[in-house]
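Chain by chain, the residues run as shown.
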Amino acid sequence: EADIYQTPRYLVIGTGKKITLECSQTMGHDKMYWYQQDPGMELHLIHYSYGVNSTEKGDLSSESTVSRIRTEHFPLTLESARPSHTSQYLCASSNRGNEQFFGPGTRLTVL
Amino acid sequence: EDKVVQSPLSLVVHEGDTVTLNCSYEVTNFRSLLWYKQEKKAPTFLFMLTSSGIEKKSGRLSSILDKKELFSILNITATQTGDSAVYLCAVHDSGNTGKLIFGQGTTLQVKP
Numbered sequence: 001e002a003d004i005y006q007t008p009r010y011l012v013i014g015t016g017k018k019i020t021l022e023c024s025q026t027m028g029h030d031k032m033y034w035y036q037q038d039p040g041m042e043l044h045l046i047h048y049s050y051g052v053n054s055t056e057k058g059d060l061s062s063e064s065t066v067s068r069i070r071t072e073h074f075p076l077t078l079e080s081a082r083p084s085h086t087s088q089y090l091c092a093s094s095n096r097g098n099e100q101f102f103g104p105g106t107r108l109t110v111l
Numbered sequence: 001e002d003k004v005v006q007s008p009l010s011l012v013v014h015e016g017d018t019v020t021l022n023c024s025y026e027v028t029n030f031r032s033l034l035w036y037k038q039e040k041k042a043p044t045f046l047f048m049l050t051s052s053g054i055e056k057k058s059g060r061l062s063s064i065l066d067k068k069e070l071f072s073i074l075n076i077t078a079t080q081t082g083d084s085a086v087y088l089c090a091v092h093d094s095g096n097t098g099k100l101i102f103g104q105g106t107t108l109q110v111k112p
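Line by line, the protein sequences give chains F and H.
With the working numbering, the residue at position 48 of the first sequence is 48, and numbering never jumps.
With the working numbering, the residue at position 17 of the second sequence is 17, and numbering never jumps.
Bound-form chain H, shown alone (with noise of 0.2 Å):
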């Protein structure tokens, strides 16, 4: 059965530290990995990853894929409280055309 797990399910940290979230899969036919932000409504798009190795960068948040290990992580450098939500990773798998499968998420908290 095809399944995404985040690690940790939650995490508390401090203005200014740095956080890594872990996405570790299994699926049939990998396609692509996605992490989303979620605060309190729709998720949003942050990075989508196809290729091992190559990291994807946008401001303090970057993200790399291991296709060998089967894992991806989710860096926030310089954290802040605006950064508090809940992130969610989701594979697609090329045998759903379409369709993405999420992990549960990990809720990250930033106090100031």
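Isolated chain F (complex conformation) (with noise of 0.2 Å):
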């Protein structure tokens, strides 16, 4: 069944540790994208991709980095997590529509 996915769903992390935020889908889509949601405030675009060895910042500014080396995978990377790092990591991807659809999200916690 095509979907959208990432891992893991939940992380606590310390500070200084390096990681890394899977995302995979297997719906073909050129298109990915990383959010950043705190509590009860809007998405912000932190990546983005439009295919293979393409990836742009978004309009959050983020220290965090991203790859591109196959369609299906869009990993985003934290070298040194620190506690303003903690929020909502959503993963998306679209084809040559507008619609975007959305994987379940990381939830990442850097004490």
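Note that these hints are calculated values from the structure, not bench results.
This structure is a prediction, so every number in the text was calculated from the model and none was measured.
Among these hints, one or two may not hold up.
[Claimed, not checked] Output of the computed footprint for chain H on chain F, the stretches with three or more beta carbons under 8 Å from beta carbons of chain H: (1) 39-53; (2) 102-109.
[To be verified] In silico DSSO-like cross-links for lysine-lysine, where the CA-CA straight-line distance does not exceed 30 Å: (3) F:Lys31 to H:Lys3; (4) H:Lys57 to F:Lys31; (5) H:Lys57 to F:Lys18; (6) H:Lys37 to F:Lys57; (7) H:Lys41 to F:Lys17; (8) H:Lys111 to H:Lys40; (9) H:Lys3 to H:Lys68; (10) F:Lys57 to H:Lys57; (11) H:Lys3 to F:Lys18; (12) H:Lys3 to F:Lys57; (13) H:Lys57 to H:Lys111.
[Stated by the list, open to error] Restraint ranges, calculated between C-beta atoms of paired labels, are given here: (14) H:Ser51 to F:Pro83: 44 to 50 Å; (15) F:Glu63 to H:Thr28: 26 to 32 Å; (16) F:Gly51 to H:Gly82: 16 to 22 Å; (17) F:Thr20 to H:Ser7: 49 to 55 Å; (18) H:Gly82 to F:Tyr10: 48 to 54 Å.
Idealized CB from N, CA, C, for every residue including glycine.
Reconstruct the complex from the two isolated chains, following the hints.
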């Protein structure tokens, strides 16, 4: 079944650790996105990709980095996690249309 | 600066009530407006609107777009407790291909 997956769903980690949030989709979509959402706040785009080897920074500045080596994968990495990175991270994908399909999200807590 | 504003920010109603959620926008090159429902986790797609005056309907939910006045409404009739969620409005700006600009969301709580 075509879908979009994120792992882990929840992560609690100490300051200074390196973490990678995984996102994969089986819909063959070219475009993928990462959003950051704090509780009760709107989604902010932090990274996006139009295809393999294409990555761009979004509207909200982020210390994270992304890569797009394969169409289906769009991992997000934080080299040194800090408490200010505590948030929910949502991955999405879309094809030619405007409709974006969202993954279940990763709720990150940095102690 | 492109922006999307939703109102009200929160709403509490009782089962059976009808609610109207509002979304106004200012974007440079409007392409489409999307409504999402977000419960505890990921937003799920409800509607995409591109043309003025054409109502989209799905069960008890309906939505319409006014491109002249730059707003959209989402109606929910005969609300149920399962409608409790955050409803997000997003606008696709054709100058930023594929990127959506989200509003703050309206938190709807439906009481039994």
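Tested hints:
no., hint, result
1, 39-53, "holds (count 8)"
2, 102-109, "holds (count 4)"
3, F:Lys31 to H:Lys3, "22 Å, holds"
4, H:Lys57 to F:Lys31, "27 Å, holds"
5, H:Lys57 to F:Lys18, "46 Å, violated"
6, H:Lys37 to F:Lys57, "26 Å, holds"
7, H:Lys41 to F:Lys17, "25 Å, holds"
8, H:Lys111 to H:Lys40, "17 Å, holds"
9, H:Lys3 to H:Lys68, "16 Å, holds"
10, F:Lys57 to H:Lys57, "35 Å, violated"
11, H:Lys3 to F:Lys18, "34 Å, violated"
12, H:Lys3 to F:Lys57, "19 Å, holds"
13, H:Lys57 to H:Lys111, "24 Å, holds"
14, H:Ser51 to F:Pro83: 44 to 50 Å, "46 Å, holds"
15, F:Glu63 to H:Thr28: 26 to 32 Å, "29 Å, holds"
16, F:Gly51 to H:Gly82: 16 to 22 Å, "38 Å, violated"
17, F:Thr20 to H:Ser7: 49 to 55 Å, "38 Å, violated"
18, H:Gly82 to F:Tyr10: 48 to 54 Å, "24 Å, violated"
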